[in-house]
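Engineer: What follows is each chain in one-letter form.
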Amino acid sequence: MKKYALDLCVVEKEFPRDGYVLLKLNNPQGALPEMLAGQFVELLIAGSSETFLRRPISINYVDKEKGLLWLLIHVVGNGTKYMSELNVGDTINCVLPLGNGFSMPEGEGKKVLLVGGGVGTAPLLYYGKCLKEAGHTPSFLLGGRSAGDLMQLDLFEAIGNVYTTTEDATLGEKGFVTNHSILNKEQFDLIATCGPKPMMKAVAAWARTANCECEVSLENMMACGVGACLCCVEKDGEGHNVCVCKEGPVFNSKKLNW
Amino acid sequence: MANLHVNIGNLSLKNPVMTASGTFGYGIEFADFINLEDLGGFIVKGTTLNPREGNDYPRMAETPAGMLNCVGLQNKGVDYFCENIYPELKDLDTNVIVNVSGSTPEDYAECAARIDALERISAIELNISCPNVKNGGMAFGVTPEGAATVVKAVRQAYNKTLIVKLSPNVTSIADIAKAVEAEGADSVSLINTLMGTAIDIERRCTKLSIGTGGLSGPCVKPVALRMVMQVAKAVNIPIVGLGGIMNATDAIEFLMAGATAIEIGTANFIDPAITVKVVNGINEWMDNHGVKDIHEIIGCVK
Numbered sequence: 005m006k007k008y009a010l011d012l013c014v015v016e017k018e019f020p021r022d023g024y025v026l027l028k029l030n031n032p033q034g035a036l037p038e039m040l041a042g043q044f045v046e047l048l049i050a051g052s053s054e055t056f057l058r059r060p061i062s063i064n065y066v067d068k069e070k071g072l073l074w075l076l077i078h079v080v081g082n083g084t085k086y087m088s089e090l091n092v093g094d095t096i097n098c099v100l101p102l103g104n105g106f107s108m109p110e111g112e113g114k115k116v117l118l119v120g121g122g123v124g125t126a127p128l129l130y131y132g133k134c135l136k137e138a139g140h141t142p143s144f145l146l147g148g149r150s151a152g153d154l155m156q157l158d159l160f161e162a163i164g165n166v167y168t169t170t171e172d173a174t175l176g177e178k179g180f181v182t183n184h185s186i187l188n189k190e191q192f193d194l195i196a197t198c199g200p201k202p203m204m205k206a207v208a209a210w211a212r213t214a215n216c217e218c219e220v221s222l223e224n225m226m227a228c229g230v231g232a233c234l235c236c237v238e239k240d241g242e243g244h245n246v247c248v249c250k251e252g253p254v255f256n257s258k259k260l261n262w
Numbered sequence: 332m333a334n335l336h337v338n339i340g341n342l343s344l345k346n347p348v349m350t351a352s353g354t355f356g357y358g359i360e361f362a363d364f365i366n367l368e369d370l371g372g373f374i375v376k377g378t379t380l381n382p383r384e385g386n387d388y389p390r391m392a393e394t395p396a397g398m399l400n401c402v403g404l405q406n407k408g409v410d411y412f413c414e415n416i417y418p419e420l421k422d423l424d425t426n427v428i429v430n431v432s433g434s435t436p437e438d439y440a441e442c443a444a445r446i447d448a449l450e451r452i453s454a455i456e457l458n459i460s461c462p463n464v465k466n467g468g469m470a471f472g473v474t475p476e477g478a479a480t481v482v483k484a485v486r487q488a489y490n491k492t493l494i495v496k497l498s499p500n501v502t503s504i505a506d507i508a509k510a511v512e513a514e515g516a517d518s519v520s521l522i523n524t525l526m527g528t529a530i531d532i533e534r535r536c537t538k539l540s541i542g543t544g545g546l547s548g549p550c551v552k553p554v555a556l557r558m559v560m561q562v563a564k565a566v567n568i569p570i571v572g573l574g575g576i577m578n579a580t581d582a583i584e585f586l587m588a589g590a591t592a593i594e595i596g597t598a599n600f601i602d603p604a605i606t607v608k609v610v611n612g613i614n615e616w617m618d619n620h621g622v623k624d625i626h627e628i629i630g631c632v633k
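Protein chains in written order, with my numbering: chain A, 5 to 262; chain B, 332 to 633.
Hints in this document: simulated from the structure, not taken from any laboratory.
A hint or two may mislead.
[Claimed, not checked] Okay, derived cross-link-like pairs now, DSS-like style, lysine-lysine, Cα gap no bigger than 25 Å in a straight line:
#, chain 1, residue 1, chain 2, residue 2
1, A, K7, B, K608
2, A, K259, B, K608
3, B, K483, A, K250
4, B, K633, A, K250
5, A, K6, B, K421
6, B, K421, A, K239
7, A, K201, B, K538
8, A, K6, B, K608
9, A, K85, B, K538
10, A, K205, B, K538
Could you put the whole structure together from the sequences, leaning on the hints where they help?
Structural biologist: Okay, structure coming up:
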């Protein structure tokens, strides 16, 4: 897919919870380029020598009717703080779309379980939407420490069944996503997961025992985002270093030997 | 439109702007953002005789106005390049230069010989300055004798334009430059990265898997510029200058310091179209200042 470097404009800005910002961006020059669920963008943090490199952020949602790209951002450092301080009307330079997205199953009516933890739920929203549009049945299994950690639940519920876990039992079943009872009740054709690495590894291990294909989305530190600098590597199942930005960020868990 | 044409040895560049090895992949990665043929040339990822996995993750740490990396020359080897990458690049109307690295003089020479057989690769850049591999790499580049040994071996095996990339991690870069010039190098490029490190104070360990990495980006530019000026006084072969070039002004500084051509490295990560913007920016500056030929400014600052 052709990549672009575009100055996108902040059209809407929300704070879904403390420490997170949702930016909705449009392209003042015309339409947004085609983007796949699971791909990411690299944002330029202008004006500070402390935030020299671009920041990779996953695509949360693409509103094709309104021409808006949604980015759900966890504010953890100076780069994401800069993003959270953008105002409606400000522009930010984005290189997009980058990497490979989640796969779209062939045929129709496939049952796909999307498992997210923390801000890792972000790319699953658009993936769920795309799956549903293609005639599949996405369900979501979303986990957090507490009820307040789980964002955009109404939007997930509009797309498919939503199952939740929290460590403090404030919402859904108590515990981790991999303990949720749905995993023993239903069979799925595909599982996709995004979130903390230990969670994804646990999901991949469960998928392996359930004999189900599993796709995981990684977020290694990166510089270029296009496969040139070779900084963001992950070991594949054969021990070779592969670029998360170009070969991923979405990998079949078997490719990584997880 | 000013004349931007320059020569490096037998290499004819339509303009002095090239890219630094390891920051531009095989060029193809940037073809969505720029027309590769608008560049004077580009230098592809460091290539070795045998495939290399490189170092473990993490390989990168951001620093103020720059970054550290310890990729460690990950590449699939020279034969993979010849069979799979070269066919994609050979019809481009620009200079494609291969950066060659190795662990022994024989490795370097054999790798260079295989690239010598590729008709449309008009030059190699010899990497005797990689700070991130244990055997060879920078080890050769830190003494005049070591540098001369590698260049001598490669010069016998390679007939086209030979550029030697120098390490800044030395006592006297001018002495190394003189040593490689004496062995028949057509040009020197400088600087490679400066060795550095960064520490994660929460985990009490370095941020890089091998403990150290090479520093690049605008933070190294003053050092690079000073070294280009020193080397320009020491040798008669053309110099390719690099180190933290982020815009046309930076590039013109290197030209004035004595570089005949320049390479853009880390800036490609910040703006994937930066190379062509620098070409246009140099051209515009020359027009605005009545400079008709780029040679009028090369080395004008003594």
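Engineer: Each of the hints needs a verdict: does it hold here or not?
Structural biologist: Quick rundown of the hints versus the structure:
This hinted pair checks out: K7 (chain A) and K608 (chain B) have alpha carbons roughly 18 Å apart, not beyond 25 Å. Our distance criterion of 25 Å between C-alpha atoms is broken by K259 (chain A) and K608 (chain B), whose separation comes to about 39 Å. Between K483 (chain B) and K250 (chain A) the CA atoms are separated by roughly 38 Å; this puts the pair beyond 25 Å, and the hint is violated. In summary, the hint linking K633 (chain B) to K250 (chain A) is not supported, as the alpha carbons are separated by about 45 Å, beyond the 25 Å threshold.
Distance restraint check for K6 (chain A) and K421 (chain B): the Cα-Cα separation of roughly 22 Å lies within the 25 Å cut-off, and the hinted pair is therefore satisfied. Of the pairs offered as hints, the one joining K421 (chain B) and K239 (chain A) is violated, with about 31 Å between alpha carbons and a cut-off of 25 Å exceeded. Taking the CA atoms of K201 (chain A) and K538 (chain B), the gap is near 19 Å; set against the 25 Å cutoff, the hint holds. Simply put, K6 (chain A) and K608 (chain B) have alpha-carbon atoms about 20 Å apart, close enough for the 25 Å limit, and the pair holds.
Between K85 (chain A) and K538 (chain B), the direct Cα distance comes to roughly 22 Å. Compliance with the 25 Å bound is thereby established for this hinted pair. Pair hint K205 (chain A) plus K538 (chain B) holds up; C-alpha atoms about 23 Å apart against a cutoff of 25 Å.
Hint violations for this structure: numbers 2, 3, 4 and 6, all remaining hints satisfied.
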